[in-house]
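Undergrad: Those sequence lines, one after another, are chains A and B. Heads up, the first sequence stops at 363 in my numbering, and the numbers go up one at a time, no gaps. Heads up, the second sequence stops at 363 in my numbering, and the numbers go up one at a time, no gaps.
Just so you know, these hints were derived from the structure itself, not from any lab. Accuracy of the hints is not assured; some may be wrong.
Note that the list lumps identical chains together, so a pair holds whenever it fits in one copy or between two copies.
[As the list claims (entries may be wrong)] Keeping only pairs whose Cα atoms sit at most 27 angstroms apart, straight-line, the calculated DSSO-like set for lysine-lysine is:
#	residue 1	residue 2
1	Lys282	Lys266
2	Lys97	Lys282
3	Lys164	Lys101
4	Lys200	Lys224
5	Lys164	Lys97
Protein chains: 2
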Amino acid sequence: MNRIVECVPNFSEGRDLYKVEQIVQCFRAKENIKLLDYSTDKDHNRCVVTVVGEPEELKNAMVEAIGKAVELIDMTKHEGQHPRMGAVDVVPFIPIKNVTVEEADKLAKDVAKEASEKFGVPFFLYEKSATAKHRENLATIRKGQFEGMAEKMKESKWVPDFGPKTIHPTAGVTAIGARMPLVAFNINLATNDLSIADKIARQVRHIGGGFRFVKAMGVELEERGIVQVSMNLTDYTKSAVYRVFETVKMEAQRYGVNVVGSEVIGLVPMQALINSAEYYLRIENFSMDQVLETRL
Amino acid sequence: MNRIVECVPNFSEGRDLYKVEQIVQCFRAKENIKLLDYSTDKDHNRCVVTVVGEPEELKNAMVEAIGKAVELIDMTKHEGQHPRMGAVDVVPFIPIKNVTVEEADKLAKDVAKEASEKFGVPFFLYEKSATAKHRENLATIRKGQFEGMAEKMKESKWVPDFGPKTIHPTAGVTAIGARMPLVAFNINLATNDLSIADKIARQVRHIGGGFRFVKAMGVELEERGIVQVSMNLTDYTKSAVYRVFETVKMEAQRYGVNVVGSEVIGLVPMQALINSAEYYLRIENFSMDQVLETRL
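Whole structure, please, built from the sequences with the hints as guidance.
TA: Below, the structure is given as structure tokens:
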């Protein structure tokens, strides 16, 4: 695969594993598609799939999976702890290799167009694909959930971007769009005082005046007797890992607190870490093409 | 390709491009083999090929290329500025992905065995494959060059590891073995005093009491009016990039000299830089499996 997009669709089925398998099957045994992971949660009653592939093949597989989910999942009977508004709740496309965010955006729109025409499901474009500021955030779009969406979509500001003007009777409505890879990055502090982690979190996160692409909160690590600034970096190319790290370290010093370590949770794009090496080692004129693995 | 070894054979032909093409052709249009680069130098009269592949296929292609070089290159007529002792002068195998240095070592020995039997060329095992301490260093093995090797190989300490006990009449003798990827890493200093770069180079390099896997020398960057500590890191997993960088920075401070930047020349394995990010960001329990690109 030369050009790679990642897709992490969330389906509103986490209990009937026979249905889950039929949906996941759409990503198996396909040329230029690789199913990396899928996990179900009974309490959330939800399935999260991670798949990578070439744009064209990924589009076809994703449209097929939406069709299967619309056929199998009945939202009028769905219950679970996780907020949800559709059988296919959200479909993010993430540029990974030799693909721009603009191309991931086009892919999201192509899938929305084709799937809305074929299956009669409405789509909201979100994140980098959003057509208005108030539609960028998934939580804002999803507010009211499946049960409230028919009423909400009567408002002119909630007319969907593709498909019918109201919900699909059993499959609800889907959010789709391009976003950057997420980096889950936590910084551990040498104190058990949660209020310090909370204060630092408020300072570095976007909503409190901090970095544009940082979400953060303070968390207690009870077993270790320390606290942590737990973060999601939603665009590491703009809000760099090293810059966030150094800022947290600096703020911690005001309380006489040291950084004891950090954690990267789950997968991280190579470039997010190499950017940090570049900064600390002061490397001049570095190009990602110099990384051996990008040439393979 | 799931398991990847890199091979960088050096052939003693850099002028007759028709001959070069015939040798390089052995690495083209082969399943699970990718020719990344090859370059010839007229003054050196030498060709350096960079190829990656799965171990088994790389072995077959390399044996074929040795046969072609033995057929086409006559060392009795070879002249060039670069030291050399054989038509195929040196063949390093470098573990890149899902391959251990032990497997690269086995590959080197398999190629040496097969090629020595087929083409009657003797082989010295060098670097990580060396069978004795005095045979690790290529320059030591090659001393005396093609013209002096027949005499040198009469000594019991220079009996080759594979093949006939003396040189091939026209193809000489070849060094082959496993080595780690090389990182060419230079650190630029805010001074035009070459003696400072020289002194630091002597302190960080192995031969002067420094790091085991660092070769270093002082170099003048005339255009920029600064000097540089120019280094080869021959095993970044043992002599880490960040540790060398911090040591050079520390030594420069004794002269009141700042590090203005650094350079990575050519290709660098992802892990060499990610290790540095891990150090500076103090990441706990990081695994290379968390790098998205390793999962593709």
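Undergrad: Hint by hint, note whether the structure agrees.
TA: Hint check:
no.: 1; hint: Lys282 / Lys266; verdict: within (13 angstroms within a copy, 47 angstroms between copies)
no.: 2; hint: Lys97 / Lys282; verdict: neither (36 angstroms within a copy, 48 angstroms between copies)
no.: 3; hint: Lys164 / Lys101; verdict: both (14 angstroms within a copy, 19 angstroms between copies)
no.: 4; hint: Lys200 / Lys224; verdict: within (11 angstroms within a copy, 76 angstroms between copies)
no.: 5; hint: Lys164 / Lys97; verdict: both (19 angstroms within a copy, 25 angstroms between copies)
In summary, the structure is inconsistent with hint 2 from the numbered list given earlier, while agreeing with all the others.
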